[in-house]
Structure formats: C-alpha cells, structure tokens
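Residue 2 is where the sequence shown starts when you use our numbering, and the numbers rise one by one after that.
What the hints contain is simulated information worked out from the structure, not anything from laboratory work. Among these hints, one or two may not hold up.
Lysine-lysine pairs mimicking DSBU-like chemistry, simulated, CA-CA at most 30 Å apart [as the list claims (entries may be wrong)]:
no.	residue 1	residue 2
1	Lys393	Lys449
2	Lys759	Lys728
3	Lys759	Lys677
4	Lys637	Lys759
5	Lys658	Lys796
6	Lys439	Lys715
7	Lys407	Lys439
8	Lys629	Lys644
9	Lys759	Lys439
10	Lys254	Lys715
11	Lys449	Lys439
12	Lys449	Lys407
13	Lys29	Lys539
14	Lys561	Lys407
15	Lys54	Lys540
16	Lys29	Lys540
17	Lys728	Lys254
18	Lys119	Lys407
19	Lys629	Lys561
Label pairs and their computed distance ranges (CB to CB) [as the list claims (entries may be wrong)]:
no.	residue 1	residue 2	range
20	Ser615	Tyr560	28 to 36 Å
21	Asn758	Asn666	13 to 21 Å
22	Asp224	Gly702	40 to 48 Å
23	Asn724	Thr207	22 to 30 Å
24	Asn411	Ser184	37 to 45 Å
25	Ser215	Gly702	42 to 50 Å
26	Thr207	Thr305	55 to 63 Å
27	Thr207	Thr270	32 to 40 Å
Virtual Cβ for every residue (Gly too), placed ideally from N, Cα, C.
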Amino acid sequence: MNLCWKAAFLLGAFFCSASSSDVEGYSKTDGAWVLSLHRRQYSVDSVADCAAKCDAETSFTCKSFAYIEKDQECWTAASNSKTEPVLRRRSSALYEKNDYLLECVNGLGTDYRGTKAKTKSGKACQRWDARFPHRPNITPQTHPRADLDSNFCRNPDEDSGGPWCYTTDPDTRWEHCNVPNCSEDCIHCNGEDYRGKASVTESGYTCQRWDSQSPHSHGYNPDALPEKYLEENYCRNPDGDPRPWCFTTSASKRWDYCAIPRCTSEPPTIVPELTCASGEGQAYRGTVGVTVTGKACQSWSDQTPHKHSRTPENYPCKGLDNNYCRNPDNEKMPWCYTTDPETRWEFCRVPRCEDSPDPDEAVSPPVEDNDCYEGNGGSYRGVTSETISGKKCQMWSSMSPHSHNKTPDNFPDAGLRRNFCRNPDGDRAPWCYTTDPKVRWEYCNLKKCSEPIKTPQSQDSQSPAEKDCKIGNGESYRGPTSITMSGVTCQAWSAQSPHAHSSFTPQTHGEKGLEGNKCRNPDGDSHGPWCYTTDRNKKWDYCQIPDCEEDLTCGTPVYKPRRCFGRIVGGCQSRPHSWPWQISLRTSSGIHFCGGTLIDPQWVLTAKHCLERSSRPSAYKVLMGIHKERATETTKQERRLEKIVQGPAGVDIALLKLDRPADINDKVLPACLPEKDYTVPRDTGCYVTGWGETQGTGGDGVLKETGFPVIENKVCNSPSYLNGRVKSHEMCAGNRDGGHDSCQGDSGGPLVCLSQNKYVVQGVTSWGLGCANAMKPGVYVRVSKFIDWIETTMKAG
2 MNLCWKAAFL
12 LGAFFCSASS
22 SDVEGYSKTD
32 GAWVLSLHRR
42 QYSVDSVADC
52 AAKCDAETSF
62 TCKSFAYIEK
72 DQECWTAASN
82 SKTEPVLRRR
92 SSALYEKNDY
102 LLECVNGLGT
112 DYRGTKAKTK
122 SGKACQRWDA
132 RFPHRPNITP
142 QTHPRADLDS
152 NFCRNPDEDS
162 GGPWCYTTDP
172 DTRWEHCNVP
182 NCSEDCIHCN
192 GEDYRGKASV
202 TESGYTCQRW
212 DSQSPHSHGY
222 NPDALPEKYL
232 EENYCRNPDG
242 DPRPWCFTTS
252 ASKRWDYCAI
262 PRCTSEPPTI
272 VPELTCASGE
282 GQAYRGTVGV
292 TVTGKACQSW
302 SDQTPHKHSR
312 TPENYPCKGL
322 DNNYCRNPDN
332 EKMPWCYTTD
342 PETRWEFCRV
352 PRCEDSPDPD
362 EAVSPPVEDN
372 DCYEGNGGSY
382 RGVTSETISG
392 KKCQMWSSMS
402 PHSHNKTPDN
412 FPDAGLRRNF
422 CRNPDGDRAP
432 WCYTTDPKVR
442 WEYCNLKKCS
452 EPIKTPQSQD
462 SQSPAEKDCK
472 IGNGESYRGP
482 TSITMSGVTC
492 QAWSAQSPHA
502 HSSFTPQTHG
512 EKGLEGNKCR
522 NPDGDSHGPW
532 CYTTDRNKKW
542 DYCQIPDCEE
552 DLTCGTPVYK
562 PRRCFGRIVG
572 GCQSRPHSWP
582 WQISLRTSSG
592 IHFCGGTLID
602 PQWVLTAKHC
612 LERSSRPSAY
622 KVLMGIHKER
632 ATETTKQERR
642 LEKIVQGPAG
652 VDIALLKLDR
662 PADINDKVLP
672 ACLPEKDYTV
682 PRDTGCYVTG
692 WGETQGTGGD
702 GVLKETGFPV
712 IENKVCNSPS
722 YLNGRVKSHE
732 MCAGNRDGGH
742 DSCQGDSGGP
752 LVCLSQNKYV
762 VQGVTSWGLG
772 CANAMKPGVY
782 VRVSKFIDWI
792 ETTMKAG
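Assemble the whole structure, with the sequences as input and the hints as a guide.
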C-alpha cells in the first residue's frame, strides 16, 4: 500500500510531495509490480522516458508504470495499487500517478480519481457502463476522459455537489458521494493516520522537528519509523495516543497534544470480526468479556476499579462497547481492564480465525541451532528480522505499509510469525516486506549454512578485493570476477553489444567501479553484484561472489546468538560464547553479583550501584570468556581491577579498568559503543544477558538472554507504567504484560541492539520495580548520553 494514498484515504487530504519519487507527479515503490489487463511494453533509456510514455498513452488511461532499470524496460498500466494486486518483483520500481492515489476532492472534484464506490446514504454505486437498474445518460462513451471505467464516484458533469454515481438501488437513480475535501485539516478516530501540517500544540507551544533531538531527545526517529510519516515538525500520533501530539521546542514542556478538529466526513470502515480474531485482533468486535485467567472485564466507560484513558470518547472507531475485549492501542491481542482491583489489565482468550496463529506463539518461536538457511531457505525458522540493507521487516499479518497476500492464513506452513524473515513462495532466499513505504521487499541479512564459519585462524590481512568477496550487498565490491553464476562471461560496462543500455555505464556511474567487464552492483541490488552478459538471450545476471569473512571487531560475535524472545526470568539459555562482551563482576573471593560489558580490551562498563560494597579495586575481579556461572571453562580469562571510575553524579554508570588487557578472541570480544546522543527508536528489539535470578524457572548457573522492545520514555513515564520515574539519561525496555526482564544479578550488564550487523551497547542494566512485572519494564542507563565521559576516561587511562 502506498503511504501517500493511504494517508489521503484516511485523512481526506493529500500532502505527498514530488520528493517521494524521482519523477514529478508520481510516487515510487521499489521491488513492486502491478497487475493490469491493459498494459503496454516499451524500451526506453530512462525512467523519465517511461513516465512520458505513460503520460502520452492513448489506448487506455495510464495510472502507473513499472520501470526495470537494468533492462531499460517500461510497462505502462491502466491500474495501480488501489485497484489491482501489487506483486514482488526484483529490480522493478512501481511509479503511481499521484492524481489517481488521491482520496479527496479539490473544488468540485471533477479530477477526483479515487475508489469510493458508495453514496452518502451507503448505497452501492452502479457501474458507469451498466444499463441496469438505471439506464444512464452519462457513460464512458459520452465522457471518455472522465475515467468512468468502474463504479467509482466521479463528477463528469461538474455537478456543484461534487462526485456522485448512479446507484444499485432501483428506487434511487443517483446520489452524491461523501468524499472529503483535500483542504480539510482534521482527524478521524484518534488521528493515527493524520498527515496534516498542524505544528502548534493546544497550549500554544511550537512543535520540535521529529528528526531533531533538541531540546528533547526521543525514540521517534523518522528513518527508523518511515510508516509513521514523521515529517518536519507536524503533529502526529505514532504511538496510539488519544490524539496527535508532538515534542515541543520549550525545554520546560517535553510534549503536548495538538488541537486538531475532528473530521465531519465518514471515517474509514473496517470489516468487523464477530466470532474470532486474526492478526492482532484490532478488528475484533465480538462479545468475549473475560480475561485469560477468568477475570471479568471492566466496562471501557467506567473508571472503577481502574482509572484509565482508554475510553470510547478518547478512542472512537475502536469498538469500545460495554466490557468486551478489544485492542484499541496496537497490543499483540485483545485485552481489557479487569474488575479485580489487584489486577489492572489482562489479555483475553479470543478464538483465532481459522488457521491464524496465536500472537503468543510468536513470542517464543522455535530457533534453529544456527541462524542460517539451507537450500533456498524455505525451511528457515530463525528470528532474523532485518534486510540486507538494514531495514526492519514488516509483520506478515500486517497490511501496512505494504498490502499483500503472504499472510499466515494463506501460507499456514511457511512459519510466518511476527516479522521474521521467511521464504513462503520458493524464492532463492529468505526475504520480507519492509517497514519502509518506498521499498516493498528485500532479501534478508542471512547466510547459507554451507558457507564456512569464520574462526580466528582464518583471518588474514587480505583486502576484500584481493580475497574476491563482498561485504553486505556488494556495492563496495571491486574484485576481479567477470563471470555470472550461470557461467556466462560478462559484457563490458562501456560496450553496447550484444546488449544496448544507457543506465549503467562508466560515464553515468563514475564512482561505481564500472571498469572492464567486472561484476559490480551500481544500483545497490539487495542480492549482490551483477553484470550484463555476452549471451544474446540473457541481458543480465547475478554473479556468485562469496561474503567476506569479517575480522574480529566490536559487536560481531563468532558464535551467532539465539536472539531468544524468551526471558531471563524464565530460563532462556544463551548459546555458549554468543555474547562475548558479557563479563561477570565478582567479589575478590569469586562470588558473582553483577554483570558488565567489555567495551575495550582493558575497560568494562557497569552500574555504579554494583560498587557500593567497596571503593577499593582490590575488592573485585572480572571474569570473561565463560558461559557457566561456576566458571569452569578453559576459555576463562580472569583480571583484577586497576581502577574504578564512578560516573557523573546521579547517574548509575561506572567504568572499570582491568589490570591488563583481555585477550581478544572468538570467546572474548568488546561490544560497540553507540553514536553520541543517539536515541534508540521505540519498538526496536534489543537483548539483555546475565546470570541473574530466575525465580525458580530454571536455567540457573548458565548465561541467559531475553529480547524485548524499547519503550519510549514518553510512554514509560505515563501513570500506567513508571509514572515519571524515568530520567532523560535513562531508557526503558520490556513487554507490557511482563514476563521478560532483567533481574537481581543482571545489574550492570548490557542491553545491546543490533544495528548494521553489529551489536551496540545502548543500555546498562540499572533498576526496575520487581522482576518481569506487567507495566513495569526494566530501566537502563542510556549509554549514548555518556560517550564523551567514556572516551575521556579511557583516554586518560
């Protein structure tokens, strides 16, 4: 689904600019192809030439075109993503005319080309070319340029009331349609899809830009949350609040709601699910009113025994009737407040629709011994959810930002859980739809299990070019290979025979290394380097370039972690040595009591409160390279402390200098430090490790791990969560319903997040209210706020 028309459809306004595409007047989606009964193929030199073919099309009304740059192939089409299915297609980019994505009217709406097909009173529209039940006097033949090819509302005769249609009701010949005005700046429901330009709060504060971290740092990064459309400093609702809001430019006011009126036009409709729930159950409108433990639900309109803001007034369109289980705020399944004063809320046990998977099953999915894939990856069931370019995967059960048919219902045996990389359709490798509205899908950041595993002995000083290997998708590859994976010799990039082309030449892409006929990746293809071939029947093909073996650098463990979405307070055991920066902080007699993170061969990051028992370095020692708390492994490295450096006042952070550097190998390796002042985007999946308390759930004595999402401080400081206790130099992570958390003995340990194939220590385990309690996530010191202090301390020695 294209973000521009989606926004316009729900808001009734259109604010997509030409910058969303490289062709003015069109919106672009990479990796997409649209079906159409009416289409034509052309051979053109550029995407601009393809757009010109679409604009000049006379045999049908061209609403979109697909351009394949490698082939210089152009397909014009009479349909777009609103009227026909969009398919995945490698190397293709879909360009849709903005005029045909617009779901609001300007003036009388004579140029309206949207898909509304019901009148104001809800009557279905008759097709314009039909002669029953009403014989029309306005038809596609009488008004050939009015786009009367369907039953969509149109205004071919400049009616002063706007778009209209003949109806399928024999007693009503025609009626106007309820199409919103493009200039209407208002919200439907709670404004989650508001795309207007309001940028002042209800208290008169100017909004802070979403891409700025000043004066307020936050986790709503536009680049990490493209589907939330966080542009400029406009009011938005990215977290399911009662209405749009923004961070303010006042240092004394972190955020505030915006005063945006409600729309008078009809809100978007949903198909209610009355007896079961699919996906996250947001469409469930049934009458289950009991939680999973048998507690009766509190009525949504009541404030006793639990006071709350999830009221029918604050959350219109969410079906908050009586005390029925609902999902108004994008949780993993329907829930409700309970009538038990001791239990604020619980999930409900609503029947799943057909073969729709239970969201609870996705929390602890089966994990392969190695996070790699065999064959084409059809059997891959690991937990990688990042594409080769670093994009986050879209949930398989979600239709936003990309609408598709690769759902758990349609592919019940494909393991389509959460947003994990899979291969449901027999492609050449696991892939996923992305959360970037401009990129429909990409292959995932995974290797074949048959590829050799790197070892310390395999490292050498050769450059990637000398070793003839690629890093990532191979854009930087400058090796000598000039044969495709099928064994055909490559055509020189400067040659025009046997295949003429103008898209990728040494002149057009001077910095891409297009010398001779060597395999290259000038367009950033996610599958890797390619070339035009000397086979007249095959214009281009990929090259077989292996991945480079990475050096032992920070954040790149040799033994790949499970990345288990289990729980520390639940005994999810880590794979031995898969978190090689994890250290055990012990008393001088060897008793483990805290964790820590190796960030340099001679420096460890931990929590200040772990050092309260003594300020003397001789009172402690550090163990590395161990998996068992008993530390019986031969890989163990033991170090005394040379120095303890307490962090700034009021901050639970400290640095430990080891008496001598650690030996860096496949069992002991530093984690990477984050960029200064970087704020982890909300909902980013991060991981905590430790030997801490498991409350009798098993796994005692070995390193454990858990994965859970980061919670933005705005949410974490709300009354339902930690009620203002979290400071700006701290961050929260955990699940709303608890069950996953760090605990006693994990203090001082790392919270790491995967970024561009490296694990970065973003948090130091600090405090929490109990262990794994609902609505009480763990709190961590935000490491990025102390990069200057860390670097200055280590430099001073």
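Restraint check for Lys728 with Lys254, where alpha carbons must lie at most 30 Å apart:
Distance of about 14 Å is within 30 Å: holds.
Is the Cα-Cα distance between Lys629 and Lys561 30 Å or less?
holds (18 Å)
Would you mind confirming whether the straight-line C-alpha gap from Lys393 to Lys449 stays at or under 30 Å?
Holds. Lys393 to Lys449 sits at ~20 Å (cutoff 30 Å).
Take the C-beta atom of Asn724 and the C-beta atom of Thr207, compute their distance, and say whether it sits inside 22 to 30 Å.
The hinted range 22 to 30 Å holds for Asn724 and Thr207, with Cβ atoms some 28 Å apart.
Checking one constraint from the list: CA of Lys561 to CA of Lys407, max 30 Å. Satisfied?
Holds: Lys561 and Lys407 sit about 28 Å apart, inside 30 Å.
Taken at face value, is the distance from the CA of Lys759 to the CA of Lys637 at most 30 Å?
The given pair, whose Cα atoms are some 24 Å apart, holds under the 30 Å limit.
Note whether the CB distance of Thr207 and Thr305 lies within 55 to 63 Å or breaks it.
violated (39 Å)
For the pair we were handed, Lys759 and Lys439, check the Cα-Cα distance against 30 Å.
holds (25 Å)
When you check the alpha-carbon spacing of Lys407 and Lys439, does it fall within 30 Å?
holds (19 Å)
Taking 30 Å as the top limit, are the C-alpha atoms of Lys449 and Lys407 close enough?
holds (23 Å)
Within a Cα-Cα threshold of 30 Å, do Lys449 and Lys439 meet the stated pairing?
The hint holds at about 28 Å.
Quick check: does the Cβ-Cβ distance between Asp224 and Gly702 fall within 40 to 48 Å?
holds (41 Å)
Violation of the numbered hints given earlier is confined to hint 26; every other hint is satisfied by the structure.
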